[in-house]
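Turn these sequences into a full structure, and let the hints steer you where they fit.
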Amino acid sequence: GESVGLHLPTLSVQEGDNSIINCAYSNSASDYFIWYKQESGKGPQFIIDIRSNMDKRQGQRVTVLLNKTVKHLSLQIAATQPGDSAVYFCAENRDSGAGSYQLTFGKGTKLSVIP
Amino acid sequence: KAGVTQTPRYLIKTRGQQVTLSCSPISGHRSVSWYQQTPGQGLQFLFEYFSETQRNKGNFPGRFSGRQFSNSRSEMNVSTLELGDSALYLCASGEGRYGYTFGSGTRLTVV
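Quick mapping for you: the protein sequence lines, in order, are chains A and B.
Going letter by letter, the first sequence gives residues 1 to 115 in this note's numbering.
Going letter by letter, the second sequence gives residues 1 to 111 in this note's numbering.
Simulated from the structure, these hints should not be mistaken for laboratory data.
Note that beta-carbon positions come from the ideal geometry of N, C-alpha and C, so glycine has one too.
20 Å max Cα-Cα, derived SDA-like pairs, lysine to any residue: (1) A:K107 x B:T38; (2) A:K107 x B:L88; (3) A:K110 x B:Q41; (4) A:K107 x B:F60; (5) A:K71 x A:T104; (6) B:K57 x A:T104; (7) A:K110 x B:Q44; (8) A:K56 x A:S28; (9) A:K42 x B:Y10; (10) A:K42 x B:P8; (11) A:K107 x B:G58; (12) A:K42 x B:G42; (13) A:K42 x B:Q37; (14) A:K110 x A:V13; (15) A:K110 x B:Q37; (16) A:K107 x A:S26; (17) A:K42 x B:S104; (18) A:K107 x B:S104; (19) B:K13 x B:G62; (20) A:K42 x B:I12; (21) A:K71 x A:I20; (22) A:K42 x A:V87; (23) A:K110 x B:L88; (24) A:K42 x B:L108; (25) A:K71 x A:N53; (26) A:K56 x A:S74; (27) A:K42 x B:R9; (28) A:K110 x B:P39; (29) A:K107 x B:G40; (30) A:K110 x A:L11; (31) A:K42 x B:S22; (32) A:K42 x B:A2; (33) B:K57 x A:S100; (34) A:K56 x A:T69.
If you want the ones that stay clear, here's a sample from chain A, every Cβ over 12 Å from chain B, calculated: (35) L11; (36) G16; (37) A24; (38) R61; (39) V62; (40) L65.
Laid out in structure tokens, this is it:
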């Protein structure tokens, strides 16, 4: 079936190290993906997005890679900081017709940064 | 500009009751989507409203409904509450395909 899922439920990294969070998707027609960060007690916060005509996109300390051949996304966080501790979700923005789109989320990866 | 505002932040209801949650989108945004977040099912799409019309609906029973007003504010209603409806309900405000901003959510507990 169509789904967006994550490979690892938890990830612990040392402060200052780089973090890599992975995501697999199954809908080959998907053309827009978003990474969100969710801190405790808050809603998902946009981190970075990528369209299917790109392989890589960089933001401030974050990079998203898209491999359409194997339907895989990754989020790389450089020099991870304690404030990066949160749950990270990848989401696929699917066309539902009639101009409507809906986000289909993966189950999330909890990132813990060790000081 | 102000973000997405959801009220109330917390609710405790009894089984069988109904509940109404409110979402005020970012000014100028005409699309409002609702999502349910639970530990077991993760984030799931409930429905989307655009210019007062429901444009899309997820796979939830008819007990879940919503509406949108002319000022784009939206409400969702859950009738005949069940224990399994306990969740964080999130509202997302959008101005097109490529921009969604989430509110902090309403935490609903059904006892």
